[in-house]
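Engineer: The chain contents come next:
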Amino acid sequence: MARALTLVRRRLLGSIPVLLLVVALTFLLLESASGDAADAYLLSIGGGDAAFAETLRQAYGLDQSVWARLWLYVQALARLDLGWSVAFNRPVSDLVLERLPNTLLLMGTATALSFALGSFLGILAGSRPGSLRDRLLSAGSLTLYAVPGFWLGLVLVIVFSVWLRWLPTSGLETIASGKHGLARAADIGRHLVLPVGALGVIYTALFLRVMRSGMAEIWERDFILFARSRGIPRRRILLSHVARNALLPLVTVLGLQSAAMLGGSVVIESVFAIPGFGRLAHEAVSGRDAPLLMGVILVSAVMVIAVNLLIDVVYAALDPRIGGREAGP
Amino acid sequence: MNFLGRIAAAPGGGAGLAILGLLALAAFSAHAFFPGDPLRIAGPALVPPFSSGDFPLGTDRLGRDVLACLMHGAGISLLVGIAAAAAAILLGVAVGAVSGFAGGFIDECLMRVVETFQIVPGFLLALAFASVFGASLPVIILAIALAAWAEPARLTRAEVLSIREQDYVASARALGMHPLEIAFKEILPNALAPVLALAALMVAGAILTEAALSFLGLGDPNVVTWGSMIAEGRNVIRSAPWLSILPGLALMLTVLGVYLFSEGLSHALRARP
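Protein chains in written order, with my numbering: chain A, 1 to 329; chain B, 1001 to 1273.
Next up, chain B with everything else stripped away, as it sits in the complex (with noise of 0.2 Å):
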């Protein structure tokens, strides 16, 4: 708690909080106001926005209820920013920290395989993972962290070789701790706190991939996204461009929730004793 309130003080981290939080809630209590599928027809089609009290903010072409799929929506996006988030951050780590600590071949390989990932652009290799399984949100997930773990290996991989020539690590060399002892207790935790600054940011760079690819076609077609909410009505767009305007209004919130929310956590990590 101590922790979320130093991000709160932080400049921007206020605002980042209050609008994750809300994001949150509108996912979370999606399925108590709009139980069922929210993909099913629920009314009249193109209803517009703010004209009918059923239908707040309107309906699609097919007559689905739009605030609906923005709030499950909600949820989706979260879900697949912070999974592929974490999972890009573990394999990033990990490879890293491998790197770091094995030093000389295997470094040197692993290094190059980091380096493919980042000279390969992320949402070509998203696009390419997707098409090739199928598209169905693990999949999705899956693809966008490997288009995004390398940043990641990098920097654990350069903070675990700075930090083991550091004198507190030599010290414990020196008291006889176990090289394995070393790594895990005194190397990594300090290793983790520049990933972790990066993390919230990868979180956001995750679900504008993910609009990006349900925008082509290439999300879970099963679920509603945001991304395929805008190419959906982007069919429309001459007559209903709400249809394709308010999707993207959240998923812009969301991103900026997200970005305030890094500021401020990176503000409370450095200002942390």
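Bound conformation, chain A alone (with noise of 0.2 Å):
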């Protein structure tokens, strides 16, 4: 427990430049934007003279030089203060923290579900590398990972929604359907199943691929030679040697996909118009909010790095050899 604590305090410690790094870069690439949020006020409420727009600048601080700005900036950060979306005319971090429990939702669900399957059909595949099974499997994963997630989306969308009429094309919950409790639940899993699908079957497949390879190497290794020749029934080689040696990388893979599967979630959520996080970096983009951008960029920054060190401690917990080595002395 100590050694996790120590863990945990440098990895948090050794982020703070890298995030004040993240800051910087995003501020002043978002700056070098022809325009500002004076600007896109202006255009929002159908134009003003220069005047107000002198004015606008003096209220939003713009008048400023953009080192004087960043360090504001900074020094709100310190205070958890994110800044205030032009767009929508409220706190950023108002905004981040009532959207992302809906992108937590879908993506908690769409990671566990494949990562559950995706490990289960890997072992399938790797259990007789070059097998028959094993080849199938190989294909139509290398399929269903060329596939681009936004399209599938639609398609589903195309299929269930369009043509069967089984599920919702759009949202996460009906709107104003008075459901409460149990039945409200079953609404927004109604509403999860197509984009929980979509996502799904891409990650699936990667970590179907991945727990696959993963096991195609250790049968070559030695030690699984030596449990052979010591008798050990195949079935146990396979699921406690080669199985679960092949399982802790995939949770690294689960860490260093996450910035990618944040990534992702901005298509899917435009989709399927699901008020998630994702959806408000394209909302930002779309409404020239350069506040809510950098907020939103920043503060999956910080989502990307607690899952890493979340993973890190949860591996420290599992492999003695890891933690040690990590935490030092």
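Where hints are given, some of them may not hold.
Derived list of chain A stretches under chain B, where covered just means 3 residues or more per stretch with a C-beta under 8 Å from a C-beta of chain B [claimed, not checked]:
hint : stretch
1    : 25-33
2    : 299-307
Residues on chain A that point at chain B, a partial pick, calculated with CB under 8 Å [claimed, not checked]:
hint : residue
3    : T6
4    : L117
5    : F150
6    : L154
7    : L156
8    : V266
9    : P291
10   : L293
11   : V296
No wet-lab data here; the hints were simulated from the structure. Owing to the predicted nature of the structure, the values given are computational and were not obtained by experimental measurement. Ideal Cβ placement from N, Cα and C applies to all residues, glycine included.
Work from the hints to combine the two standalone chains into their complex.
Structural biologist: Spelled out as structure tokens, the structure:
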């Protein structure tokens, strides 16, 4: 436990300079856009004269230099203030907190299901590398992994919502349904089937492939040969030696993929009109809302750090060799 | 040719080469079969596929020829995919090599920057970059490259660090070779092989990212892309679902071709004596 705490403390301290770099680079990138928040606001209300634009710029603090504003932004961040969204006319942190649970629900469900299914199918494929079953599963997963997620979402909508009329096309729940408790949960569940399916199929293919190639490698190792020569039944070698050792790297892949998964949620949430965190990024871009986009990028970076930290702690708990080296004396 | 032959002989590699060859053929012959702007109105709107001899794959909402758009789109997808992956690898190899050779403080700083680019979701970065500098092909290519260069940088650095400790590098040093000569003749060529194996996968990632950006309306509006075709077809998804389905199938086939090619490539690289 003490080892895990040391690891957490060291990693948190180490992530501060990286986060500051994220803030500075994103700030400077968004700063190079032509037009600022005052322009965006004027556009949204139908225009105004130069004097009004000047008043707005003073109100937003846009009359100061870039570096002064960057410093102010960092100071506000220290108070957990992410600034003011121009497009929604609300604090960015409120918007993020409102949208984040929806995305976590969607991604958490998709990840959990595909992790279970992907590692199971991976064991099926990796139990006898080169067999017909392995080749079928490998080819199938490669094909599925080539499918663009947003397009798969659209195809699922065409089949299950337009043709079969089984499931709703978009949203997270029926608007103003007046449902409570279990009925509401069932409603949300029905809405989640297609987006979770679109995300999950691709993750499943990924987990299957990683699990399978990890197992194919472990079968060649000396300790497997040794286990065989000791006469341990093949089934036990498969489960408690090969599959078990291949499962740990799969957890690392989960961490490495977390950034890509968050990026993927932008498109999937736009396809299914889910009011989530990813869609917020798209809305920030369409609304030319730099503070909101900045907030979304920053929060997603924090989430990626948090997920990787969590995975490292789990890893250190599972594998005594790792924690000792990472946490140090 | 010998190397291509080895890729073709590897499992999957032949199919990958065939798919990519067909796509390249489609892209290069697009101007011969369908000269002029594929985005112009060519006939009646919403002709279903396989129903008219003039428009084998039908027309879209505005009467544009779907087959012409698909073939012109193949060129754009391949161009963006290859250019973005090449730019990302150039940048990544440069940063990774400098980091690995310099060590110390420079290495520490560069690796922090690489880490920064790895924890920000690449798609969000590309989205922000494209929205700031306006959607045009060079900006899209740069945006995707910027979102993808961190991995080759890390890989190159790790390779350089491990190769510089090898015996043959030590013997080159003992022979009195100039450090720059060692870097360029002994270390870098050997560090590049795993990066090249990654290159094909990066092309696939870049093609998918471009499609997703176009789908969200952040692609270059003056050229036809498969992503924008899918987005355009979405408006009539109930009455004409093929308009979204067809370009997606093309996209999937392309990415699958790149994956198969990449499997063949890594097979051929491993088999190299």
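Engineer: Enumerate the violated hints, using their earlier numbering and listing them in ascending order.
Structural biologist: The structure breaks hints 3, 4, 7 and 9; every other hint is satisfied.
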